[in-house]
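Protein chains in written order, with the working numbering: chain W, 1 to 447; chain Y, 1 to 447.
Just so you know, the hints here were simulated from the structure itself, not pulled from any lab data. Careful, some of the hints might be misleading.
[What the hints assert, rightly or not] Below, a list of computed lysine-lysine pairs in the BS3-like style, where the Cα atoms sit at most 30 Å apart: (1) Y:Lys-4 / Y:Lys-50; (2) Y:Lys-276 / W:Lys-268; (3) W:Lys-158 / W:Lys-112; (4) W:Lys-349 / Y:Lys-217; (5) W:Lys-124 / Y:Lys-217.
[What the hints assert, rightly or not] Computed spacing ranges between beta-carbons, pair by pair: (6) W:Pro-49 / Y:Glu-38: 53 to 63 Å; (7) Y:Arg-153 / W:Ser-99: 53 to 63 Å; (8) W:Lys-217 / Y:Val-287: 42 to 52 Å; (9) W:Pro-261 / Y:Ile-371: 24 to 34 Å; (10) W:Val-446 / Y:Leu-306: 23 to 33 Å; (11) Y:Glu-16 / W:Glu-82: 53 to 63 Å; (12) Y:Val-379 / W:Leu-283: 42 to 52 Å.
Even for Gly, the Cβ is constructed at its ideal location relative to N, Cα and C.
2 protein chains.
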Amino acid sequence: MKDKALTLLVEHKFAELRTLLTSLNAADLATLLSEFPESLLPVVFRILPKELASETFVEMDAESKEHLIKAFSDLELQTVLEQLFIDDTVDIIEEMPASLVKRILINTDKEKRAVINEVLNYPKNSAGSVMTTEYVNLRKDMTVKDAFTRIRRIGVNKETIYTCYVTDESKILLGIVTAKALMLASPDDLIENIMETNIISSNTHDSAKDVVKLIEKYDFLAIPVTDNEHRLVGIITFDDAMDIIKEQTDDEFMKMAAVAPLEDSYLKTPVLTHAKKRILWLLFLMVSATFTGIIITKYENGLSALLISFIPMLMSTGGNGGSQSSAIIIRCLATGEVKLRDFWHVMFKELKIGLIAGVTLAVANAARLWILNAVYYHVPGGLGKEMIVVGISLIGTVVIAKLLGCMLPMLAKKINLDPALFASPIITTLVDTISVFLYFNIAVSVF
Amino acid sequence: MKDKALTLLVEHKFAELRTLLTSLNAADLATLLSEFPESLLPVVFRILPKELASETFVEMDAESKEHLIKAFSDLELQTVLEQLFIDDTVDIIEEMPASLVKRILINTDKEKRAVINEVLNYPKNSAGSVMTTEYVNLRKDMTVKDAFTRIRRIGVNKETIYTCYVTDESKILLGIVTAKALMLASPDDLIENIMETNIISSNTHDSAKDVVKLIEKYDFLAIPVTDNEHRLVGIITFDDAMDIIKEQTDDEFMKMAAVAPLEDSYLKTPVLTHAKKRILWLLFLMVSATFTGIIITKYENGLSALLISFIPMLMSTGGNGGSQSSAIIIRCLATGEVKLRDFWHVMFKELKIGLIAGVTLAVANAARLWILNAVYYHVPGGLGKEMIVVGISLIGTVVIAKLLGCMLPMLAKKINLDPALFASPIITTLVDTISVFLYFNIAVSVF
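Take these sequences, add in the hints, and give me the full structure.
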């Protein structure tokens with residue numbers, strides 16, 4: 001496909017190329033064009049039908065967009081921008097350097113520019129900043145027939161026509177009419193009589209994350225966004241919600257691994273940015289880990305080589321046990337499956353899980369030591385003391401790890417910090433220190 | 001709300017209760033009812049309008065569903081099942097114990113039962129097993145007016161009427177018509193002329209995960225599912241896709257923390273099941289960590305207490321550095337952002353990131369040692385040798401950790417294993433052993 005398209009382009013067979021490219025949809029076309037040399041992109045865009053050109057433009061990555069905007073004439077830029085939905089234009093503006101933003105805004109018509117500026121002013125990640133202002137609004141005294149006429153007239157340029165919004169003169173949201181209700185109603189029915197008035201809506205300042213949860217919960221195609229006076233200012237559609245979910249999950253994953261969230265894709269992010277996103281956490285954790293080192297130096301002379309050899313195993317088990325709990329609780333807090341009021345329920349549950357896991361590991365370790373002694377050490381009387389010291393340390397470490405793993409993310413949430421702060425790396429480092437300290441104290445008191 | 005509803009129920013004010021409950025939508029009603037004593041649920045369901053009753057039933061958790069099915073008379077069960085979509089019925093059947101499944105199937109009408117059995121036979125997590133068979137199909141020689149008539153007649157019971165499917169006599173999928181196209185067309189247009197023939201569809205045996213990616217990519221409301229002869233057998237809608245994404249993300253999170261995926265919610269899963277899902281990994285990792293212990297015992301006599309105190313810091317830094325890379329790569333492989341063909345690109349990138357991070361940490365550590373010596377140790381000539389040994393070990397450890405962290409998930413994918421196998425816990429354990437080994441060898445050769 002790529003080679004064929006390139007050949008047609010080089011041979012100037014533009015009509016054929018146009019036919020070939022228009023057989024694709026925007027997402028696929030953008031993927032294909034991302035493999036073209038950037039210098040050829042403007043020519044390709046010039047031969048595309050303008051709607052497809054705009055849709056494809058939205059799907060390109062930031063770098064190609066920048067290149068294209070620079071290469072477009074003002075008229076071409078206007079044509080592309082004219083076809084874009086407000087929320088897509090806002091997204092593009094947020095990605096572009098200041099000089100290009102100026103050019104984009106100059107080439108947008110006045111009315112649209114006012115709306116864009118308004119949306120740009122909402123706080124980052126608020127419902128207002130991700131909504132689109134292009135929806136179909138109806139009046140309650142319209143008939144179903146009137147509504148169809150209106151949808152036919154203005155619907156083409158709206159992000160969705162499947163949920164229409166009934167507002168009064170001052171834009172107060174009165175009800176919602178789905179296209180399904182319209183299609184199943186008779187032409188003379190009044191909108192007032194078929195609209196749904198039990199509306200679930202969001203506020204411009206709500207976090208986009210929470211609004212997306214509503215869309216997920218109620219299987220909405222779109223959710224209305226209103227201002228503090230309950231006036232309808234925009235909507236968030238399910239496909240934008242899906243994009244937000246994906247971004248959010250990406251961020252959560254990065255946080256779980258102690259990486260600051262990336263703004264761009266992995267491959268497009270430069271090495272230095274990657275390094276910056278990771279070094280701060282590594283430094284912080286490195287310094288924290290020195291405490292464990294200090295404890296080891298303080299005690300190690302009193303202990304046998306055999307007892308020292310258990311340290312990595314104890315540290316690793318504590319770290320892993322704590323990571324398990326913290327990962328589960330952080331995820332459950334994010335999805336709302338576990339609430340802060342479940343604190344004691346969760347703590348008690350993790351205590352029991354910790355005890356079961358700890359005892360199992362202690363028994364497994366005792367068995368390993370028994371075999372090791374029979375095959376290798378041949379200490380008369382066996383390694384009973386070691387079994388007890390390591391066993392008790394294992395149980396204590398796993399229980400403490402599980403309790404910290406669920407407690408810290410919940411406490412973080414309680415004081416409005418991000419629970420993901422207490423993901424695997426922090427919990428591991430913390431539990432390491434505690435487990436080594438616990439182990440040495442038990443060992444010293446027994447031997 | 002809960003107290004008011006309960007009071008009305010106890011006082012037998014059923015008409016008022018019905019009015020109160022029908023003001024809620026199914027998702028909220030299910031949340032409310034989940035706080036009711038289970039024994040009262042059947043009475044509540046009896047007074048609900050049958051459509052709301054069915055929709056609410058779908059939203060309840062498995063335990064309450066089971067209780068309700070047991071309490072329903074056959075006629076009541078039939079009424080609820082009649083209103084359910086096929087995919088919801090299949091989901092319920094998969095959750096229920098065998099005895100109840102029998103009762104459910106007996107109370108489903110014959111035609112629906114046949115379809116349910118067919119869907120149940122598709123492999124787990126395949127497109128066929130999650131699709132719904134309730135869609136609107138049209139013929140290509142219909143007019144738009146005919147189509148509207150058909151949608152009005154059969155649309156009420158279909159999962160979506162916003163995407164209609166044009167099939168021939170043998171159910172071969174010919175095209176797609178959106179409700180938008182129908183609403184914008186004139187009544188006498190032929191379906192043939194307004195249908196989209198450039199169809200993106202999925203096969204019943206495709207993995208549901210991949211099909212969901214298509215829905216995300218193209219912002220589809222629904223995607224058709226066809227059999228090997230290109231006959232349309234069902235559709236997957238965007239709301240089911242959102243549910244699948246959520247389940248999948250939950251599983252990914254659990255895997256990242258070395259927990260086997262849970263089938264039920266955290267709070268509903270019994271302690272023993274939780275423990276089982278975690279112990280196997282903990283045991284495996286515990287045994288792996290003993291290798292690090294063996295290495296430490298072998299070398300520790302030759303090293304000063306100061307040099308031993310660096311071990312936890314090195315292990316922790318290596319583990320964290322590796323976790324960062326593996327988490328990023330696992331996520332990028334899952335979303336398709338990084339492909340196997342990017343292997344060398346990724347490796348080279350991580351090598352450079354590892355070098356930058358390693359050198360930064362080595363310099364930070366040298367500074368820490370310099371201060372430590374000035375304040376505490378006062379070794380004449382400083383801790384130059386320690387700075388060099390620990391510094392080189394840090395750089396080596398971080399670079400190896402980063403390379404393993406991206407290499408192992410990609411190799412796993414290459415041989416069709418789950419990349420998440422090489423998430424943080426395994427990488428940490430592996431890097432621990434390597435970093436300690438590296439450190440001792442460098443230390444022994446310098447001192």
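Do the hints match the structure? See the list:
no. : hint                              : in the structure
1   : Y:Lys-4 / Y:Lys-50                : holds (22 Å)
2   : Y:Lys-276 / W:Lys-268             : violated (41 Å)
3   : W:Lys-158 / W:Lys-112             : holds (14 Å)
4   : W:Lys-349 / Y:Lys-217             : violated (40 Å)
5   : W:Lys-124 / Y:Lys-217             : holds (24 Å)
6   : W:Pro-49 / Y:Glu-38: 53 to 63 Å   : holds (59 Å)
7   : Y:Arg-153 / W:Ser-99: 53 to 63 Å  : holds (58 Å)
8   : W:Lys-217 / Y:Val-287: 42 to 52 Å : holds (43 Å)
9   : W:Pro-261 / Y:Ile-371: 24 to 34 Å : holds (33 Å)
10  : W:Val-446 / Y:Leu-306: 23 to 33 Å : holds (27 Å)
11  : Y:Glu-16 / W:Glu-82: 53 to 63 Å   : holds (55 Å)
12  : Y:Val-379 / W:Leu-283: 42 to 52 Å : violated (25 Å)
Hints 2, 4 and 12 from the list above are not met by this structure, while the remaining hints are.
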